[in-house]
Amino acid sequence: MSSHHESSSAHPSLAARLEKEGEVSVADCYQCGKCTAGCPAAEEMDVAPSQVLRLLQTETPKHEDRALKSLSIWMCIGCETCVTRCPQEVDLPRAMDFLRQEALARNVANQDADDVVAFHKAFLNSVERAGRLFELGMVGEYKLRTGHFFKDMGIAPTMFFKGKLGLFPHGGANKREVADIFARARAVKKESKV
Amino acid sequence: MTDVRVGYYPGCSLQGSSRDFAESLHAVAKALSIDLVEIPEWNCCGASSGHMLDHLLSVALPVNVLLKAKKAGLPQVMAPCAACYNRLATASHEIATSPATKAQVESVLQTSIDKLPRVLNVIELLAQVSERIAPKVTKKFEQTVACYYGCLLVRPAKVTGFDRTEDPVEMDKLVAAVGGKTIDWNFKTECCGASFSISRSSVVGRLGARIMQDAVKRQAEAIVVACPMCHSNLDLRRGEINQQLEHKTDIPVLFITQVIGLALGLPKKKLGLGRHFVPVKFPPRPLAPPAVQ
Amino acid sequence: MSRIGVFICHCGENIAGTVDVAAVTKAALDMPGVVHAVDYKYMCSDPGQTMLKDAIVEKKLDGVVVAACSPRMHEPTFRRTAEEGGINPYQCEMANIREHCSWVHEKGAATTAKAIDLVRFQVEKVKRDHPLVPIRVPITKKALVLGGGIAGIQAALDIANAGSPVLLVEKSPSIGGHMSQLSETFPTLDCSQCILTPRMVEVARHPLITLYTYSELEKLDGFIGNFKATIRKKARKIDEKLCNGCGVCQQKCPVKKIPDEFNEGLSNRAAIYVPFPQAVPNKPVIDLANCTYYKTGKCKACEKLCPTKAIRFDQEDQIEVHDVGAVVLATGFKTMPVNNFSEYGYGKYKDVIDGMKFERLASASGPTGGAMKRPSDGKTPQHVVFIACAGSRDRLKGVPYCSKICCMYTAKHAMLYQHKVHGGQATVFYMDVRAAGKNYDEFVRRAVEEDGVKYVRGRVSRVYEDDGQLVVKGVDTLLGAEPVEIRADMVVLATAVQAQNDAEELAQTLHVAYDPYKFFAEAHPKLRPVETNTAGIFLAGACQAPRDIPETVAQASGAAVKVAGLFSQPELTREPIIAVVDRQPPPVFSHCVGCFLCKAACPYQAIEEEQIKNRNGDVLKVVARVNPGLCQGCGTCVSTCRTKAIDLQGFSNEQVFAELMSI
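Residue numbers (the working numbering), protein chains in the order written: chain A, 5 to 198; chain B, 187 to 479; chain C, 127 to 789.
No lab work stands behind these hints, which were simulated from the structure alone.
There's no promise every hint is true.
What the hints assert, rightly or not - No more than 27 angstroms apart at the CA atoms, straight line, and that leaves these computed lysine-lysine pairs for DSSO-like: (1) A:Lys166 - B:Lys344; (2) B:Lys344 - C:Lys644; (3) C:Lys476 - B:Lys403; (4) B:Lys454 - A:Lys24; (5) A:Lys24 - C:Lys505; (6) B:Lys359 - C:Lys523; (7) B:Lys257 - A:Lys179; (8) B:Lys256 - A:Lys179; (9) A:Lys179 - B:Lys301; (10) B:Lys344 - A:Lys24; (11) B:Lys454 - A:Lys166; (12) C:Lys476 - B:Lys367; (13) B:Lys344 - C:Lys345; (14) A:Lys166 - B:Lys216; (15) B:Lys359 - A:Lys125; (16) A:Lys166 - B:Lys257; (17) C:Lys505 - B:Lys344; (18) B:Lys367 - C:Lys474; (19) B:Lys456 - A:Lys166; (20) B:Lys288 - A:Lys193; (21) C:Lys523 - B:Lys344; (22) A:Lys193 - B:Lys455; (23) B:Lys434 - C:Lys476; (24) C:Lys474 - B:Lys359; (25) A:Lys166 - B:Lys434; (26) B:Lys403 - C:Lys474; (27) B:Lys359 - C:Lys476; (28) B:Lys403 - C:Lys505; (29) B:Lys456 - A:Lys179.
These numbers come from a predicted model, not from an experiment.
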């Protein structure tokens, strides 16, 4: 399972970090491409899923950078089809999560994925505020972040009349507690990086 | 009939866009003497956004829910939403298999984590009481349907424990138990686009179109799902889907709980059937020729 | 008082470059009992050996320590030399100061000190050595060959042609194995049956080969040269002497819809059947599970119509016990069931088949007479996709190893398809092409360059049926991992090679080691590839690892030579390094109390129970006895013995303790 990771710089390679932090060994991938062959989002991607792993296998900053800046990492839906069929049991969805988080931390996320990033951020912000997701509030923030004001305006009234669109956030969660979880998660991550 | 008591984690969407799922679930649970005990002060599991942006949160939020269930004395927790179910089950699996993650989550939640409650999806819960269903059927559900499992209910197998990940049959069995006929088709577990519903509805349209096309071609009169995301992507996003299809389709998308509720003779209103975008109606018998081909 | 000589080898620079050999020599001279010590550049050279021999005579030595390389390399050399010098060869010991010292440590005082300690060990040991005599055992010069595929056939013929009788045991009704099912063989495309059937006939006619088809080995007792094999001859329900193989029975049998194993279920057979036309022996067998008479008590159509009255419904299994001197394991392989690869739709779609089914479709003796017709509707497939590594190199759902033969047979299949269907297209999805045999890579290139087979590098993720075609979703990794979708008429899976289902059970019956995948283990992966770790049991073919036909045949001949070599000796001599249970004068008889913990612990079944009787035949005591033919000298029994009644000759407790006490 374990691989021997080397890196030209003083910093550990993404592959080495992924193995340590995410328990995914990119060295296990032998580039058969079965993940790409079954990926429902492959058409939307600029770098095929198996090639994303290839970019990490070289352990060179140039290739790592390409992986982090790719649109692909944001187009992954997280459907887990790839890992279900991977003959080497490489947890590619977990690797994608890792790359997304690293891309945001380095502020190099692909601009074509701004809307996707905005959605996820809006989602988590809503949860951090209320403990639970407030769908309308989340969509509002998403629209502010992306400027997609008129998108989906067509379905909104129907949703409202069908009782599918709540106008107020839900009570019931322990807001304080959830906010604390978010805060401590930030602190724990900061600590582990030092 | 003794009550089956099970912890209940509604998840955010059942309070909002998937109210129909919640309504039909409660109606069916009542009819089958299942006591759904809502976990007090439950919080959001983080869903797809959690694991995409913050791995630690994506484990800590669900574990917090499970700890609350445990505190409330609930050994089993049922999450009807497939995404919630997947996050709860995945978090539980990670706590069991990764000591490093466990330690981090313990310091975030400031508590030690011991054995967590078992996580169930709605199919597993209904399978547990399946022998109660058939005797209560008042009106057989005599439709031909495509059971659509999607991703998060079945994958990855090591987390969900589905032994036929590529060709699950558990939902098909439930439909058969209430008199329905299910088709053998190709897109049972192909992804619908999930959380891209809002940010990339074009992707949802493309993926949904493949799914609907195959189901319609094999003469399904409805799609049956057990996931709010699958439902809204195939129902709410039917417009985007039909844009991609040569032959538009108007077959409805039902939650498995609605199918069972109909067979148990529960009123349509209690099953939330009026909340669908694509109206729930079935072709008159005998069957019309297939829409596509 | 002992007179020990110590000889320290430089091994060129191998030892002397790291160890101060002069210091070792000097230290040796100070060891109690040592009367002579000398170092020399190469002890194993002719002058070195002469030096040892001369010293034994001149210094009147009664024990010798050679400090040099591993005893695995040169112990036989120096023991022979010592014997020539006039002492018992088992009073010559080796101190391994190369592999255990100079090769694994840096140059320095500590390394030299370790070398001195290693010498001291052996000096203490050799002082306590007793003269030992090699064990002699007689040999039964008859071989048992298990498995009647090409490996067993070849081994049996080679042994018999070398002049020894052979019992060839095959569990199915005919010999021939997988090779009889194959269409053509790579890399020459000669017809498999055409080259195999003459060998099958030769086996049947050979005066020294006794064929036991439809038979299984129940038990194997004994040891090298002296095995006792218990063979179960399952009842065919036929008198083989009367049956003339006319075939009337299988034509008239009313049960006709049983999937034919030989044709991999692509055709049907009757309940009484000969597996295939060239079967050896050409005698039918009644399939008890499907025969109407055995199910309902009525029918007997075959009995009524048999012209030679050969049907025997009351025939029972027969048990035979034979003495044999050697065993060749040639039980072959199975292909991995691929039902768990539901993403490929095997079992769900009739036109997704495995390689063995394709062999039958392509074979002139197969259900289609060699015409390329797909199973679902008999149409000629216009596009066939071959998926390599369906189960191989897949640690998730298959096996992690490479099955070795699939690259070649897939190339052959694709080529045969192109030859049979003009205008058709074969596409192969592969990860690597492993074609490292004589004329193998040329064969694969021929498929691509001359026959137009398309090779796509990448795995297939899913196969599903749509409008009567199979949609194959793969990827072309040589195009930067571009998804590929092919609509094919038939899909062929190159399934993994696995050990037989009963391999583990058989290995345990024979006390042969096996690997995690239940393939039988060879004694040494390089230097003893056809021997097992159990003396007298040899390996041939795919029961050891995935193998193709040429390798199988070569290995079978190799195993046969080992058997013939064994049988060429008048008797067996074995190293006397074996355990012995002590014997004491009456009334104790032995320190052994008969608890037989040793018997349970012995991995070689070498411990027997011995009754000590008085003159009247009354049993006075039951004690353990070590069978010198079976004991391998591992010492497990010694460490389990509570009363210290067992000791290992040449490695006694006393010797080992003395070695340890010396430092």
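Going through the hints against the structure:
no.	hint	result
1	A:Lys166 - B:Lys344	violated (38 angstroms)
2	B:Lys344 - C:Lys644	holds (26 angstroms)
3	C:Lys476 - B:Lys403	holds (21 angstroms)
4	B:Lys454 - A:Lys24	violated (53 angstroms)
5	A:Lys24 - C:Lys505	violated (54 angstroms)
6	B:Lys359 - C:Lys523	holds (26 angstroms)
7	B:Lys257 - A:Lys179	holds (18 angstroms)
8	B:Lys256 - A:Lys179	holds (20 angstroms)
9	A:Lys179 - B:Lys301	holds (25 angstroms)
10	B:Lys344 - A:Lys24	holds (21 angstroms)
11	B:Lys454 - A:Lys166	holds (14 angstroms)
12	C:Lys476 - B:Lys367	holds (23 angstroms)
13	B:Lys344 - C:Lys345	violated (41 angstroms)
14	A:Lys166 - B:Lys216	holds (24 angstroms)
15	B:Lys359 - A:Lys125	violated (39 angstroms)
16	A:Lys166 - B:Lys257	violated (36 angstroms)
17	C:Lys505 - B:Lys344	violated (41 angstroms)
18	B:Lys367 - C:Lys474	holds (19 angstroms)
19	B:Lys456 - A:Lys166	holds (14 angstroms)
20	B:Lys288 - A:Lys193	holds (14 angstroms)
21	C:Lys523 - B:Lys344	holds (12 angstroms)
22	A:Lys193 - B:Lys455	violated (48 angstroms)
23	B:Lys434 - C:Lys476	violated (32 angstroms)
24	C:Lys474 - B:Lys359	holds (18 angstroms)
25	A:Lys166 - B:Lys434	holds (23 angstroms)
26	B:Lys403 - C:Lys474	holds (19 angstroms)
27	B:Lys359 - C:Lys476	holds (24 angstroms)
28	B:Lys403 - C:Lys505	holds (24 angstroms)
29	B:Lys456 - A:Lys179	violated (31 angstroms)
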